[in-house]
Each structure stands twice: as C-alpha cells, then as structure tokens.
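Residue numbers (this note's numbering), protein chains in the order written: chain A, 93 to 191; chain B, 72 to 557.
FYI, nobody ran anything at the bench for these hints, they're computed from the structure.
Among these hints, one or two may not hold up.
[As the list claims (entries may be wrong)] Covered by chain A, according to a simulated footprint, are these stretches of chain B (three or more residues, beta-carbon under 8 Å):
| hint | region |
| --- | --- |
| 1 | 146-158 |
| 2 | 341-351 |
| 3 | 388-402 |
| 4 | 455-461 |
Each residue gets a CB set at the ideal place from its N, CA and C atoms; glycine is no exception.
So you can see what is in the structure, the chains are spelled out below.
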Amino acid sequence: MRISLRTDGGLATFPGLTRPVEVDSSSLGADEAARLEHLVGAARFFARPEPAAGPAPGTADAMTYTLTVDDGTRTRTLTVSDPLEDDDLAALISHLRAL
Amino acid sequence: MTDHSMPSMPSMHSIHCILPPHMLEHIARTGDDTQRERALQALATDNTQRSRRITRSFTTVAPAMPVTTPHKQRHVHDLNHGTNLPGTLVRSEGQAATGDAEVDEAYDGAGATFDMFWAAYSRNSIDNAGMPLISSAHYSTQYNNAFWNGAQMTYGDGDGVYFNRFTASVDVIGHEMTHGITAYQANLEYHDQPGALNESISDVFGSLVKQFSRSTKQTAAQADWLIGQGLFTSKVNGVALRSMKAPGTAYDDQHLGKDPQPAHMNNFVHTTSDNGGVHINSGIPNHAFYLLATALGGYAWEKAGRIWYVTLCDPRLAPTARFQDFANLTVANAATLFGPAVQQATIDAWAAVGISSSLQPPKISGQWALHYDWGVTGRFNQVPITFNADGTFTGGGNGQWQQKDGTLMLHWNTGPAIYSGSLDGDIGSGAMTTFAGSDGSWYLYRQGNVGLVPPTLEEETTQHLDAMGNPVTVGAGAAGAAGAAG
Ligand SMILES: [Zn+2]
Chain A
93 MRISLRTDGG LATFPGLTRP VEVDSSSLGA DEAARLEHLV GAARFFARPE
143 PAAGPAPGTA DAMTYTLTVD DGTRTRTLTV SDPLEDDDLA ALISHLRAL
Chain B
72 MTDHSMPSMP SMHSIHCILP PHMLEHIART GDDTQRERAL QALATDNTQR
122 SRRITRSFTT VAPAMPVTTP HKQRHVHDLN HGTNLPGTLV RSEGQAATGD
172 AEVDEAYDGA GATFDMFWAA YSRNSIDNAG MPLISSAHYS TQYNNAFWNG
222 AQMTYGDGDG VYFNRFTASV DVIGHEMTHG ITAYQANLEY HDQPGALNES
272 ISDVFGSLVK QFSRSTKQTA AQADWLIGQG LFTSKVNGVA LRSMKAPGTA
322 YDDQHLGKDP QPAHMNNFVH TTSDNGGVHI NSGIPNHAFY LLATALGGYA
372 WEKAGRIWYV TLCDPRLAPT ARFQDFANLT VANAATLFGP AVQQATIDAW
422 AAVGISSSLQ PPKISGQWAL HYDWGVTGRF NQVPITFNAD GTFTGGGNGQ
472 WQQKDGTLML HWNTGPAIYS GSLDGDIGSG AMTTFAGSDG SWYLYRQGNV
522 GLVPPTLEEE TTQHLDAMGN PVTVGAGAAG AAGAAG
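Let's have the full structure, built from the sequences with the hints guiding it.
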C-alpha cells in the first residue's frame with residue numbers, strides 16, 4: 093500500500109514543509125505496516141463519500157490535506173480541510189504527518 | 072413649505088430654494104425692479120444665520136453612536152486532541168484559570184483582543200453586537216496551526232519539536248479573532264489579493280493587540296512587529312512566523328525553509344498554493360502598515376490602526392478588493408479622519424511598497440456649501456449643494472456635475488450656463504473650487520476638517536434651507552422654481 097499526504101495552507105506557509113509525505117507500507121516493519129493499513133481501513137478510505145472541495149466558506153488559516161492511497165488494486169485521492177469532522181480520518185492524517 | 076410671506080410671488084420662494092448662481096445673476100441684473108429688489112433683499116437676508124445653519128448641517132453628519140455596553144463573553148473548550156469542534160467547555164467568562172496553559176492563554180488572548188477593539192474602536196466583539204468568543208484548545212495531535220472556522224478560534228499544541236503551542240503568542244490569537252471581524256465587515260474573499268488583504272488585516276490587528284495589551288503599552292517605535300514570536304522552539308533558526316517590519320526575514324531554517332514574504336509589489340509571488348499565496352503576499356500590505364505606523368509615531372492603533380479599521384468597515388471595500396483598492400480607500404479615509412498630512416503619509420507608505428494610490432483627488436461627493444456672489448459689492452450668499460454619485464447635484468438647484476483632471480463643471484438644468492473651476496487641495500479635508508468670471512464668483516467649501524462621510528449618512532441629514540434659513544422640503548417647489556426661473 094502506498095500513501096501520500098500533501099498539506100497546504102495554515103496560519104503560515106513554510107516552504108520547507110510543502111513536500112508531500114510519501115509512504116510505502118512494503119518498506120515499513122510489519123507492525124508499522126499493519127498499523128497504517130488499520131488506520132486506512134478504519135477511515136473507510138475507499139468507501140467515504142466525496143468530501144466538499146476546500147475549506148468551508150468563512151474559514152481562514154485552515155489546512156487542506158490531499159491524501160492519495162493506492163492499495164494495489166484501487167487508487168483514490170481525497171481532499172479534506174480543517175476542521176476535520178471524522179476522527180478516524182483525522183487519526184490517519186495525524187499519523188502520516190508524524191512520520 | 073409656507074409661502075404666506077410672499078403670496079403674490081410664489082416663484083420667489085422657489086428662487087430661495089434653489090439659487091443657482093447664473094439664475095441669481097440673471098434676476099438680480101435683468102429682473103424688473105420688484106423682482107430685483109425682492110431677489111436681492113431676500114437672498115441677502117441674514118446670511119450670518121443661514122451660514123450658521125449650513126455649518127451645523129455639515130457638522131452633524133456623523134451618526135449618533137448608540138450607547139453600547141461592552142459584552143465580553145468568553146468560552147474556551149478542550150478538544151483533548153480530537154477534531155470535532157468545539158469540544159468540552161472548560162472555562163467561561165469570569166471563571167478562574169484552569170492551569171492548562173493553552174486554555175488559559177486562549178481565554179486571556181481573546182480578552183486582550185476584545186479589549187483592544189473596544190478601547191480603540193468601540194467595537195463590541197466580533198460582530199459588534201456582543202457575540203460570544205468561542206475558542207477550542209488541543210486540536211488534533213501535534214498540530215502546527217491555529218484557524219478560524221467561520222464561528223470560532225481553534226488552536227493546536229504544536230509538534231513540540233519545531234513549534235510550541237499556538238496560543239503562546241497573543242498576536243496569533245488577535246489574528247484569528249480578526250478573521251471573524253473581517254468576515255462581518257468587508258468579508259474579503261480568501262484567495263489571491265483579497266485573501267492576502269484578509270490575512271494582512273489579521274496580522275495588523277493581531278500586532279496591535281500585542282502592542283496594546285502589554286503592561287506598558289508599546290508605541291510603533293517600540294513594537295517588534297513580529298507575528299507569532301514565541302511559537303518556534305529553540306531548534307528553529309528564526310524569530311517568528313512573519314515580520315511586518317522586514318517581511319521575508321522572520322526565519323531561515325533548514326527544516327522550515329526561508330520566510331517567503333515579499334515587502335514590495337516587485338516581488339509579488341504568483342502561486343497556486345496557499346489559496347494563491349494569501350500568507351505570502353500579505354507581507355506587502357503588512358509592510359505598508361508598518362511604514363505608516365512608524366512614520367506617524369505614537370500608539371499605532373490610534374491613527375494608522377484607525378485608518379485601517381475604518382477602511383475595513385467602509386462599505387466601499389468590496390469582498391474582491393485588491394491591494395490597490397484597499398490602498399485608495401485608506402488614502403481617502405486618512406484625509407477624512409486626520410487631514411492632509413496623514414493622508415500624504417499614507418500615500419507615501421503605499422508608494423514605498425510599490426502601490427501608487429492616485430494623487431488625483433477623490434470624486435467630490437456628499438454635501439457642501441456653495442458660496443457665491445453676483446458682482447454686486449457686499450452681496451453674497453451660500454446654499455447647501457449635494458453631489459450625488461450618479462452625476463447629478465441637488466440642493467442649490469438641480470443639475471449635472473462632472474469632475475475631470477482637477478476641474479469641476481456644474482451645469483444647471485435651468486439653463487445653458489456651465490460653470491467650471493479647478494479643484495484646489497484635497498476634497499476629503501475641505502477642498503475649495505473657485506470660479507471667477509465677469510459676472511461674479513463662486514466657491515465650494517466644507518466646514519473645518521469634516522471631510523467626506525459616506526453619502527448614505529449625509530442623505531439622512533441633508534437639509535434644504537429657504538432664504539430665512541428654515542428647513543424646507545425640496546420637491547415640487549424646486550421643480551416649479553426651475554421652470555419659473557428658466
Ligand atoms: Zn489568517
């Protein structure tokens with residue numbers, strides 16, 4: 093499973109942080125790979141309805157997250173913004189950001 | 072309108088109502104003896120009284136401020152690392168500190184922001200109607216950000232490696248809350264130049280909150296003009312998120328990169344990320360504000376901040392406003408609020424960041440006094456004249472006006488005469504236009520330093536005065552007069 097996370101926006105723009113986070117679970121240890129796959133599964137990444145594009149009107153300084161997951165048979169890209177309303181998706185994003 | 076005093080000459084009253092100079096000349100010079108005598112007598116009646124009344128009508132255009140009691144009502148919630156706003160309420164207005172630094176800083180910072188806007192601009196909370204101030208702390212995990220979601224403020228803890236908690240800097244709290252105020256006023260669109268203006272306005276007032284809330288208030292010269300000073304850990308080579316004093320110099324770090332903010336239009340950054348660089352190009356208007364505030368000296372919220380605040384609340388500021396539009400309005404409002412010297416300083420501040428706000432005078436608008444004589448020694452008069460945005464004028468007669476290249480032309484509906492004169496000085500602070508011809512002279516003036524106020528306010532207080540200085544209703548009488556006199 094390959095995952096990429098690109099983060100845009102926020103209170104300040106840091107050029108050094110614009111690079112996407114990219115992970116290939118095959119390069120992770122078994123525990124780490126299992127944890128990542130569990131987070132993707134818990135977030136029902138491939139089953140989620142298409143979210144609204146961009147932050148809600150009136151929002152300022154929110155971050156926008158573009159997530160792409162390729163599980164070997166399917167590829168999907170989702171774009172979501174703060175405030176994240178789904179705890180499972182938020183957990184996946186937090187995990188990726190901390191990698 | 073009462074005509075009892077002159078039952079035999081209904082048109083005379085109408086003359087008093089409208090009084091275009093060329094008609095006056097015409098009647099005073101070519102009317103029969105009775106008309107001439109009545110015209111001169113009536114028009115010269117009690118000019119002192121009339122003048123005073125006109126003066127009053129110009130100096131009472133400011134709207135009466137409603138008596139307001141500030142309503143500071145803070146609520147801070149704890150998300151406990153979740154992301155579903157607002158989380159658990161942990162501190163409400165008047166309650167003791169919780170001991171959770173992020174919660175307590177969110178509480179104190181919202182209070183400091185409320186206090187600055189109330190003390191400096193009589194603004195009663197985000198909506199100017201006492202709206203509760205809602206904040207949430209501990210958003211998500213290791214979250215390096217703070218945001219406004221359209222209804223409340225939200226803060227992250229930071230990752231602890233490069234960033235501390237985002238409540239650590241009071242100007243960041245002021246920044247977020249100002250986004251709410253902007254949404255209630257100009258509602259600037261959050262992309263490209265309007266978005267960068269939106270961002271800059273949050274930085275400006277965020278910084279003013281910091282300067283105001285110090286135990287010893289800071290002058291423009293004493294302030295550091297940094298946004299987010301204290302958010303970086305010692306691991307970062309940088310002092311803050313942004314610098315209004317020197318955009319582009321706030322950090323230069325191996326991990327974070329280099330502060331990308333420009334300070335001048337020559338370095339405007341074209342990008343599709345960050346909603347078109349809203350947090351990047353905000354450096355340009357940020358620096359203009361810094362330059363003005365330091366040029367004017369003293370407490371920045373008093374003059375520069377007031378100009379920005381009045382502009383933010385100015386109905387002429389469109390949601391799609393670009394830097395140029397905002398600059399032009401600050402220049403106009405600077406004159407209205409503080410006169411020509413501060414206006415020039417405002418023009419200079421924008422010019423220094425590459426935005427040349429036109430030195431051409433703004434279009435004349437609203438209510439003025441038209442003073443004229445008609446070539447008879449000692450005879451003069453003055454009437455209110457209102458310049459409407461659609462190119463018509465009313466009050467001292469009806470007609471069309473045109474302003475081009477510093478020249479004002481007036482064309483009364485009642486005849487072919489066109490009066491033109493050059494506009495001298497600054498319209499906002501009381502320009503005068505003069506015309507001197509063989510048949511007399513006229514000029515326009517505003518009393519003192521009143522300056523322009525929004526036309527909608529003026530229309531409510533427009534008073535038409537008859538020869539005795541009594542208010543009259545303009546309508547059928549004026550129209551009849553135009554016919555009778557023409
Ligand atoms: Zn912002």
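Hint check:
Under the rule that three or more residues need a Cβ within less than 8 Å of chain A, the assignment of the region 146-158 of chain B holds, with 4 such residues. A count of 6 residues in the region 341-351 of chain B with a Cβ less than 8 Å from any Cβ of chain A is obtained; the coverage claim is therefore met, three being the minimum. With 0 residues having a beta carbon nearer than 8 Å to a beta carbon of chain A, the region 388-402 of chain B misses the requirement of three or more and the stated coverage is violated. Counting residues of the region 455-461 of chain B whose CB falls under 8 Å from any CB of chain A gives 0; the rule of at least 3 is not met.
Comparing the model with each numbered hint stated earlier shows that hints 3 and 4 do not hold.
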